[in-house]
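Colleague: Using the sequences and the hints, build the whole thing.
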Amino acid sequence: MATAHGAEHGTTPTDYIVHHLTHLKVGEGFWTWHFDTLLISAALAFLTGWVFRAAARRANAGVPGKFVGFIEWVYEFVDGQVADIYHGDRRFMVALALSLFTWIVAMNTMDLLPIDLPGGIASLFGAQYFRVLPTADINGTMAMALVVLLLIIVAAIRAKGIGGYLHEWVSAPFGSHPLLWIPNVILNAVELLSKPVSLGMRLFGNMFAGELLFMLIALLGFLVVGATGGSVAAFIGQILMGTAWAIFHILIVVLQAYIFMVLPVVYIAMAEEHH
Amino acid sequence: MNVNATFIGQMIVFAILLWFFWKFIVPPIAQAINDRQKKIAEGLAAAERGQRDLDEAKSRADAVVREARDRASQILDQANRRSNEMIDSAKQTASAEGERVLESARAEAESETSRARDQLRREVGALAVAGASRLLGREIDAKAHAQLLDQLAEEIARG
Numbered sequence: 017m018a019t020a021h022g023a024e025h026g027t028t029p030t031d032y033i034v035h036h037l038t039h040l041k042v043g044e045g046f047w048t049w050h051f052d053t054l055l056i057s058a059a060l061a062f063l064t065g066w067v068f069r070a071a072a073r074r075a076n077a078g079v080p081g082k083f084v085g086f087i088e089w090v091y092e093f094v095d096g097q098v099a100d101i102y103h104g105d106r107r108f109m110v111a112l113a114l115s116l117f118t119w120i121v122a123m124n125t126m127d128l129l130p131i132d133l134p135g136g137i138a139s140l141f142g143a144q145y146f147r148v149l150p151t152a153d154i155n156g157t158m159a160m161a162l163v164v165l166l167l168i169i170v171a172a173i174r175a176k177g178i179g180g181y182l183h184e185w186v187s188a189p190f191g192s193h194p195l196l197w198i199p200n201v202i203l204n205a206v207e208l209l210s211k212p213v214s215l216g217m218r219l220f221g222n223m224f225a226g227e228l229l230f231m232l233i234a235l236l237g238f239l240v241v242g243a244t245g246g247s248v249a250a251f252i253g254q255i256l257m258g259t260a261w262a263i264f265h266i267l268i269v270v271l272q273a274y275i276f277m278v279l280p281v282v283y284i285a286m287a288e289e290h291h
Numbered sequence: 013m014n015v016n017a018t019f020i021g022q023m024i025v026f027a028i029l030l031w032f033f034w035k036f037i038v039p040p041i042a043q044a045i046n047d048r049q050k051k052i053a054e055g056l057a058a059a060e061r062g063q064r065d066l067d068e069a070k071s072r073a074d075a076v077v078r079e080a081r082d083r084a085s086q087i088l089d090q091a092n093r094r095s096n097e098m099i100d101s102a103k104q105t106a107s108a109e110g111e112r113v114l115e116s117a118r119a120e121a122e123s124e125t126s127r128a129r130d131q132l133r134r135e136v137g138a139l140a141v142a143g144a145s146r147l148l149g150r151e152i153d154a155k156a157h158a159q160l161l162d163q164l165a166e167e168i169a170r171g
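Those protein sequences? They're chains U and R, same order as listed.
Residue numbering for the first sequence follows this note's numbering, beginning at 17 and increasing consecutively.
Residue numbering for the second sequence follows this note's numbering, beginning at 13 and increasing consecutively.
No lab work stands behind these hints, which were simulated from the structure alone.
Don't take each hint at face value.
As the list claims (entries may be wrong) - Residues from chain R that face chain U, not an exhaustive set, calculated with beta carbons under 7 angstroms:
1. 19
2. 22
3. 23
4. 30
5. 33
6. 34
7. 51
8. 52
9. 53
10. 121
As the list claims (entries may be wrong) - Restricting the straight-line Cα-Cα distance to at most 27 angstroms, the calculated cross-link-like pairs of lysine-lysine (DSSO-like) are:
11. 82/U with 51/R
12. 82/U with 50/R
13. 50/R with 35/R
Think of the CB as a built atom: it goes at the ideal place given N, C-alpha and C, for glycine as much as any other residue.
Modeller: Rendered as structure tokens:
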């Protein structure tokens, strides 16, 4: 695959990597839109929403079919995880965890597509660049993390009232003495901001690294130049390493989605606690 | 890799997805699972109740069978007693009847004997008359000597 694509463009390995790391963009400066990230993530959001809605419409107290049973199995797994962490009415928390988990699994799974396939298809429509993995775009992961940050703040205000929340900013964790207000605020700001940053950067880093490794494995295709021993070794190496990494990557796909599902629930549960 | 407007778009997409899951996916699935749990709990309770009813009915049936068996053995005892009584009374009746028959037979035999004796006596009387007339060489008028003959016959009979 890599050979054909690379040869077609007549590029060097560096050009190949750079080409694969370039987004399909619209606009200038800040007002640049990554069309590929937006398209794929929205399509996958639509897909997961549609699949779960189809199951939710069919779910009833009777014996569930295989499809509904599978969706309910996923739901009960997420519900169990949330119930362990969050006490109280957890319907919104389950919706948050379930939508994060399913959407991130769907987006991460895009990394398992053959690396040149999405770009190849996009080029049929005249697109020069196409990155199919929305979670390897910092915009994609940080957007989710920022929504989580907003939810943390809203949950804290709902639990403590606006006055209680502001009081906590200046008085925790050191104490409510006026001299301690500034250190308290600084520490709280760091604590609050570290949550979405670590969430977003963790997912982004994992998926970006995974994608990059697929690209490096694909570079072995550049060594296949003719009927030589080196070509055969490179070809076999590419297949073996690509397969091994793809199988290992299945774990990362689900694990990262799981982490991104559980941590926001933990953060919100913490935010609602009184100090 | 730089942050740009895509960020805003992604936030909107995620917010819509979250809202959709919250409003249209979690409630019906939670409802279905709760309903099913309730249904299963009810089913288990019903099964337990049925088991209890069955046990109760079984013990009741056992009691009825036991009572019937007691009653049957009682009736059997009664019947045995009754039949023994009947046999005893029949035996008594039979032996009494036998005694009676024996008695009547004996009486009959006695009367037969006395009748035979009377006849014999009469015949002896006649023989005696015949013998005497042969000895005397003439006819004895039975009528003339009736008194004598009767006396003789009586003597013979007595002797």
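Colleague: For each hint, tell me whether it holds in the structure or not.
Modeller: Hints, one by one, checked against the model:
1. 19: holds, 4 angstroms
2. 22: holds, 3 angstroms
3. 23: Result: holds, 4 angstroms to nearest chain U Cβ.
4. 30: holds, 5 angstroms
5. 33: holds, 4 angstroms
6. 34: Check passed: Cβ of residue 34/R comes within 4 angstroms of chain U, closer than 7 angstroms.
7. 51: Given a least distance of 5 angstroms, the restraint on residue 51/R holds.
8. 52: Given a least distance of 9 angstroms, the restraint on residue 52/R is violated.
9. 53: violated, 11 angstroms
10. 121: violated, 103 angstroms
11. 82/U with 51/R: Cα-Cα ~20 angstroms, so holds.
12. 82/U with 50/R: holds, 21 angstroms
13. 50/R with 35/R: holds, 23 angstroms
The structure is inconsistent with the numbered hints 8, 9 and 10, although it conforms to all the rest.
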